[in-house]
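Colleague: What follows is each chain in one-letter form.
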Amino acid sequence: MNKNVLLVDDDKICNFITEATLNRLGVAKQIHSALNGKEALDLINGYFQGDLAIPDVIFLDLNMPIMDGFQFIEAFKRLEFPKKENILIIVLTSSVNPEDIQRVKTLGVDYYLTKPISEEKILALLKN
Amino acid sequence: MKKHPLVLCTHISLAYAIHKETICLPSNPCYYTDHQFLCFLINVYAMKTARENLKILIIEDMEDDVELVKRVLTKEGIPFTIYCVDQRDEYLKGLMEFKPNVILSDHSLPQFNSVEALEICHRIGVDVPFILVTGTVSEEFAVNCLKNGADNYVLKGNLSRLPSAILNALKQREIEKNRKKAERELHKQNQILVKVNNELDRFVYSVSHNLRSPLMSVQGLLNIARKEVEQNSVARLNEYFDMMDASIDKLDNTLKEILDYSKNARVDIEIGSINVKEMLVACIDKLKYITGADQLKTNIIIDGSESIYCDFFRLNVIFINLISNAINYRDINKETNTLLITVRTFPYKTSLTFQDNGIGIFSDLKDKVFEMFYRASDRSNGSGLGLYIVKETIDKLEGKVSIDSQIGIGTTVEIDIPFGVNSVR
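Those sequence lines, one after another, are chains H and G.
Residues 0 to 127 (numbering that gives the first Met the number 0) are what the first sequence spells out, left to right.
Residues 0 to 424 (numbering that gives the first Met the number 0) are what the second sequence spells out, left to right.
Calculated from the structure, these hints are not laboratory results.
In this text, a Cβ means the ideal position worked out from N, Cα and C, and glycines have one as well.
Please note that a few of the clues may not be correct.
Distance windows between CB atoms, simulated [what the hints assert, rightly or not]:
#1 G/397 to H/52: 56 to 62 Å
#2 G/170 to H/96: 35 to 41 Å
#3 H/28 to G/200: 41 to 47 Å
#4 H/106 to G/118: 56 to 62 Å
#5 G/271 to H/96: 41 to 47 Å
#6 G/276 to H/45: 45 to 51 Å
#7 G/413 to H/119: 48 to 54 Å
#8 H/11 to G/395: 31 to 37 Å
#9 G/408 to H/24: 30 to 36 Å
#10 G/241 to H/96: 26 to 32 Å
#11 G/413 to H/80: 42 to 48 Å
#12 H/24 to G/271: 57 to 63 Å
#13 G/196 to H/24: 42 to 48 Å
Pulled out of the complex, with its shape left as it was, chain H reads as follows:
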């Protein structure tokens, strides 16, 4: 499972935790991180300049400054590039609010993980 992963969270410690967990599981090939939705979009645009590999999985926080997770999903849906449908977006948030869960679902993202992330949660998700 050598995945290219993009982590999007304004809390650097959260990105660190996710990265450490993925590394321990040995499921990631390359891991990049962005501090908000806009930085993540810039990184994705950068992929086409050939600098980076297109991510297989995006771990996305919801509550972020500048561009939050919801706005990122909307902007991402408008992007057009080959094999976009292969990218898996996983929302990773500390929000347990049912309204947030519903909003994410309405935006067409099916994977919603609540923090703290754990090896068990990731394995269970990747198995599917």
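For this one, chain H is given, so just place chain G on it according to the hints.
Modeller: Then chain G, alone, in the frame of chain H:
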């Protein structure tokens, strides 16, 4: 029999006092019986109404009957003006132009009747007492009139009842008016409560998120640390502890901010003498342990007296938030990070400027930074409450705050508060 203490003075001055709602407590009371007191109040009410000169619209075709009404009112000492009509058009004109305080209506006239008059009254929203003054009528008819909205009915054979009927109807209308007013107030209060409740919901949602986030980080770090300890790999534990520390600090900060916010909203302003320069120096000292504080060179210029009269807690909250913002949003690409604090004191006003050369914010986000939980940058561990609290605090002090910022250049916050060198505002 119950007795009521009253101020010893004439009815007229008491009536005036009641009218103006300026009754004094009796220093040398005399006592009235219940009946005397009631009579007294009725007189007061009559005088109060009389002062305004009762405007009576009479629907009547018999001149003699109008004269009888006039006589009975004059006898009771009620000053009045009469506008007499016996047709629909005149009645409408009277309602619009004469603007009566009370309508007295005969039941049946050759071209008009009381049912129609009452209906017109309701339709065009004239809200004054409507009293039927008629010859002998059946009980059924009388009840019907009251059902249709008439206030009372007085038989022409018993006109002595008329003055009290008028006064009672006026009183009832006033009570009803006050009740409706109270109802409207209640409705307004209710709407405010609903709004506040919604805000509270949003607040709780955001706060719970801000509190849960760092807690989850600590738990995540614990998960990793535990796995590594299980495998006897302890090399990075200290690194995890540091991160846990940082997360707990963040949590603690949010809690402190919520306390500041709540204290500002709940606690009254307490004015005392404050040395602004000393307070600024103390705030800078208090913040010296946060990351980057040692890189920020702060200058304080005081123009005028160092000492002002203001609220210690609130001024402190403003200073701490603005100085920590200058530290957190310093521009690491610049050789020196500076914060220039200028204070100008006046007799009843103090102007403060906090000018830094930090990273700045986009000018279109300028007004949003004062919103609750708004974060314009991911550079800090901020909860998005800092500038909101600054704004709320300055609002409480009835001051003004504005922000000017340019990306890459820096941010300037300007504050005016109506507190200065003199102690009385």
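Colleague: For each hint, tell me whether it holds in the structure or not.
Modeller: Here is how each hint holds up against the structure:
Restraint check, residue 397 of chain G to residue 52 of chain H: a C-beta distance of roughly 58 Å satisfies the suggested window 56 to 62 Å. Between residue 170 of chain G and residue 96 of chain H the C-beta distance comes to about 55 Å, which lies outside the given range of 35 to 41 Å. Between residue 28 of chain H and residue 200 of chain G the beta carbons are some 44 Å apart, a value that agrees with the proposed interval 41 to 47 Å. Remark: the range hint 56 to 62 Å for residue 106 of chain H to residue 118 of chain G is upheld by a beta-carbon distance near 59 Å.
Between residue 271 of chain G and residue 96 of chain H the beta carbons are some 43 Å apart, a value that agrees with the proposed interval 41 to 47 Å. The hinted window of 45 to 51 Å between residue 276 of chain G and residue 45 of chain H holds, with their beta carbons roughly 49 Å apart. Between residue 413 of chain G and residue 119 of chain H the beta carbons are some 53 Å apart, a value that agrees with the proposed interval 48 to 54 Å. Against the hinted window of 31 to 37 Å, the Cβ-Cβ separation of residue 11 of chain H and residue 395 of chain G comes to about 35 Å, which satisfies the hint.
In this structure the hint that residue 408 of chain G and residue 24 of chain H lie 30 to 36 Å apart at CB is violated, the actual value being about 45 Å. Checked against the hint of 26 to 32 Å, the pair residue 241 of chain G and residue 96 of chain H passes, with Cβ atoms roughly 30 Å apart. In this structure, residue 413 of chain G and residue 80 of chain H meet the distance hint of 42 to 48 Å, their C-beta atoms being roughly 46 Å apart. Take residue 24 of chain H and residue 271 of chain G: their Cβ atoms lie about 59 Å apart, and the range 57 to 63 Å holds.
Residue 196 of chain G and residue 24 of chain H have their C-beta atoms about 45 Å apart, which keeps the hinted 42 to 48 Å range intact.
Checked against the numbered hints given earlier, this structure breaks hints 2 and 9; the rest are met.
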